[in-house]
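Please build the complex by placing chain F on the supplied structure of chain Z, with the hints as guidance.
Here is how the chains run, residue by residue.
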Amino acid sequence: MKTQLRLGKYWLYIPLILMSIFYLLPMYIIIITGFKSFAEIDLKTMWDLPHGIAFDNYIEAYSKLAPSLWNSFAMVIPAALISSILGSVNGYILAKWRFRGADVIFPFILFGMFIPYQSILIPLVQFMNMVGIKGLPGLAMAHIIYGIPITTLTFRNYYASLPQELLEAAKIDGADMLGIYRYILLPISMPSFVVVLIWQFTSAWNDFLFAVVLTGNSDWPITVALNNMAGSQIISWNVQMAGSLLAALPTLLVYIFLGRYFLRGLLAGSLKG
Amino acid sequence: MLRDKDRYLNILLISPSILAILIFVYAFIGWSVRVSLSKWKGLSADYTWNGIQNYLDLFADPRFQIDIRNTLIFTGVFVIGSILLGFTLAVMLDQGLKGESFFRSLFLFPMAISYIVTGVVWRWLMNPAGGSRTSGLNLLFTNMGLDSLVNQWHTTPTWGIAAIALAAIWQMSGYTMALYLAGLRAIPEDLKEAARIDGANELQIYRHIMLPLLSPVTLSALIILGHMSLKVFDLIVAIAGKQLPLDVPAIYMWQITFDGLFYGRGAAVGVLLLISIAVLIIPYIRYTTKIEAEQ
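If you read the protein sequences in the order shown, they are chains Z and F. For the first sequence, position 150 (counting from the first letter as 1) is numbered 1224 according to this note's numbering, and the numbering increases by one without interruption. For the second sequence, position 47 (counting from the first letter as 1) is numbered 200 according to this note's numbering, and the numbering increases by one without interruption.
One or more of the hints may lead you astray.
[As the list claims (entries may be wrong)] Listed next, the in silico DSSO-like pairs over lysine-lysine satisfying Cα-Cα at most 30 Å (straight line): (1) Z:LYS1170 to Z:LYS1245; (2) F:LYS443 to F:LYS345; (3) F:LYS395 to Z:LYS1208; (4) Z:LYS1208 to F:LYS384; (5) F:LYS345 to F:LYS194; (6) F:LYS192 to Z:LYS1208; (7) Z:LYS1083 to F:LYS345; (8) Z:LYS1138 to Z:LYS1118; (9) F:LYS395 to Z:LYS1118; (10) F:LYS395 to Z:LYS1138; (11) Z:LYS1170 to F:LYS443; (12) Z:LYS1208 to F:LYS194; (13) F:LYS251 to Z:LYS1083; (14) F:LYS345 to F:LYS192.
[Said to hold, decoys possible] Label-pair ranges, simulated between beta-carbon atoms: (15) F:GLY413 to Z:ASN1302: 18 to 28 Å; (16) Z:SER1235 to F:SER258: 19 to 29 Å; (17) Z:ILE1207 to F:LEU414: 31 to 41 Å.
No wet-lab data here; the hints were simulated from the structure. For clarity, every value in this text was computed on a predicted model and none was experimentally measured. Note that beta-carbon positions come from the ideal geometry of N, C-alpha and C, so glycine has one too.
Here chain F stands alone, though its shape is the one from the complex:
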């Protein structure tokens, strides 16, 4: 009796959430796909069939080619930088030093701040103005006699986006550190002890024992950081506004849809972003839920 009543009750209680996800995630994705295949341009909706024309236009647009280049550079610098820095910090903090939790909190605090705040501050730190108007990090470098470090930051041709990745590393490397630190803590102390008895030094222990055992963490970090790079948006808007040399697909989509009213093409950008992220995330979700089921 009781069990039957509860069997319906559980479905009843969870169904509003499932319905919301069904509509706001899956139906909306379908809707976006439909818009991307339409001629919709302008304020009023127009679902006239347009085949894959929007996608063809997109790839023919030089601006979208800049976007792809920028995304590749940003992803490379951001993901590699965050992983190297995050791993190094985690190993240093794993040595049982005094003040460990202080450093850990310090490296992690940028995670609590919005990309907009980070962007507004870094925009002034990376002020490219020269001569008597030199300021920010360039001024700091000049004062310290490190003139060779003075540079154009995000206004550097082609590689400017790497400067944005630097601000993103500032924000996200602490998170990567936390992932690695949790991974390191999960490795039993006996393993390290056994290796030490066998005569391995600390460096060898990390290289040959810890690093292989941490490969699931590295995989998670790669996927999480990689999918964040594909989505990067507000950080660039706050640092550089809508400048073409620093354009990425997320900004292109926002601008071409809501400023330019090219709804069809904007939807196509959204769908392409979704596909590129799904390729990373779906295997990841399957992998983690499978691991969990085995446990």
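Pulled out of the complex, with its shape left as it was, chain Z reads as follows:
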């Protein structure tokens, strides 16, 4: 019985490997196409391995996408930092310094992370024009504000899991609200900060809808630039593939090196903190 079970388990590698191929197929195409020389590019041989390693496609893609890559970094980094800090303060207050009505307000904040942005898109564009915040700063601002629900949720869940005694002890020692935050909670909040920063970095980097309505061609972030590149008839598919890798690389690297934290952010997004 036991051995039969063990044998049964090893069969599982067959479907697992088949599924791995399914998940890797697009990456395989992206990577091998990127390393082919222009002379080798042919749709008929798109599945064949490259004869050597060339960088033609990457150089060409980078020359076209470089400005938007930097636009993305310039917008995403401050957006991720600021919405994480706001989330941490909000989470602290909602978990440990509740005020009357806090439990009513929290679900209303949460709802903000599920709304279809089409339902606020016209006012958003109108508002940004009205107050004169245009281009990348406006885009960063949108990501900060619409990021507040998930960052608040993550920190609130984390702080709520900490024992109340931790705060009581500090209070007896004379620490006030800000002191407790600064000297007790902040030093142990780093894992949550990593989770939230990664999440915000990834979602702002990957966003297309806000970017396409809030920026123009001088300050397009990478998603919009890549999509326009893919839609143009004059840029060939191999350069598009190389461009895709450039666009995906920052978030992929974050995932490869900090995957554990990425997963936690993902589960928080389903309200399961």
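Just chain F, lined up with the frame of chain Z:
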């Protein structure tokens, strides 16, 4: 003394965020509703009252009927596909095999990539061109002698949107797997052990013990994936651009507002999307916050 000072300080510190949400979520929704009830068409704002005319026009528009059909097909294929695949992968990875974390990372990595990148790549994988211009998956199938699998992908009449759902499943099934895996790990080992002692085999254990215990996870997955299908936008834009046969409400809203300048009707699409998502999400938020309060 101290407590009083802090009581005001907490409200003071949280109020900028609350104010931002109040304006950017709730006031903007109200503003959209108002636009949807106006005659606004063109570059300059026009709030002349128009009743529900925009909504009537919308439902009379054959394009919006295509959108509804596409959304239904996409949601069905995407949600069922992601749940079946995600659950199967989670159960396989829950067997304590060597290399589990490697497979888990592999199945999950598409989540780190944007829909635009996914779309650009799948657009070439699903290239429908035939004859000597055959490429992508069709070429792969031909080379492998699987000619019967060669198809028109997203250019298939009526069901083309299902091909887009396939790319979406590629992207999101790992997430569903992670949800199920977290659910499976939360089930105490004793339960399985007890069932084994009673003579249940592995399949029966999953069918009769794990699956019922996982129903909250299935519910979450249904709601999260369902609400994503209603929002699907960039993936389709990247694969197919703005083609009518693959149109969905999110693209319709974007195009009719910012290209066509039919602000009133665009706002109406946004409001309808919001209502359909709110029906799913509000009970979900209430349910999860209630569970939490009970704990």
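Checklist line | Pair hint outcome, LYS251 (chain F) versus LYS1083 (chain Z) [Cα-Cα no greater than 30 Å] | finding: holds, 10 Å
Margin query: Against the 30 Å threshold, does the CA-CA distance of LYS1170 (chain Z) and LYS443 (chain F) hold or violate the hint?
Written below: holds, 19 Å
Note to self: Hinted pair, alpha-carbon criterion (30 Å max): LYS395 (chain F), LYS1208 (chain Z). Please report holds or violated.
What the structure shows: Distance of about 26 Å is within 30 Å: holds.
Check: Do the alpha carbons of LYS1170 (chain Z) and LYS1245 (chain Z) lie within 30 Å of each other, as the hint requires?
Finding: Holds, because 12 Å separates the two Cα atoms, which is no more than 30 Å.
Notebook entry, point to check: Is the distance from the Cβ of GLY413 (chain F) to the Cβ of ASN1302 (chain Z) consistent with 18 to 28 Å?
Noted result: holds, 20 Å
Notebook entry, point to check: If you draw a straight line from the CA of LYS395 (chain F) to the CA of LYS1118 (chain Z), is it 30 Å or shorter?
Noted result: It holds: about 27 Å lies between the C-alpha atoms, which stays within 30 Å.
Item checked: Satisfaction of hint between LYS1208 (chain Z) and LYS192 (chain F), Cα-Cα up to 30 Å -> holds, 27 Å
Note to self: Next pair to validate is LYS395 (chain F) with LYS1138 (chain Z); report whether the Cα-Cα distance is within 30 Å.
What the structure shows: holds, 23 Å
Check: CA of LYS1138 (chain Z) to CA of LYS1118 (chain Z), is that 30 Å or under?
Finding: Holds. LYS1138 (chain Z) to LYS1118 (chain Z) sits at ~26 Å (cutoff 30 Å).
Check: Keeping to a limit of 30 Å between CA atoms, is the pair of LYS443 (chain F) and LYS345 (chain F) held or broken?
Finding: holds, 29 Å
Check: Should the hint that ILE1207 (chain Z) and LEU414 (chain F) are 31 to 41 Å apart at their CB atoms be regarded as holding?
Finding: violated, 22 Å
Next item on the list: Decide if the proposed pair is consistent with the structure: LYS1208 (chain Z) and LYS194 (chain F), CA atoms, cutoff 30 Å inclusive.
Entry: Holds. LYS1208 (chain Z) to LYS194 (chain F) sits at ~23 Å (cutoff 30 Å).
Violated hints, in rising order: 5, 14, 17; the structure is consistent with all others.
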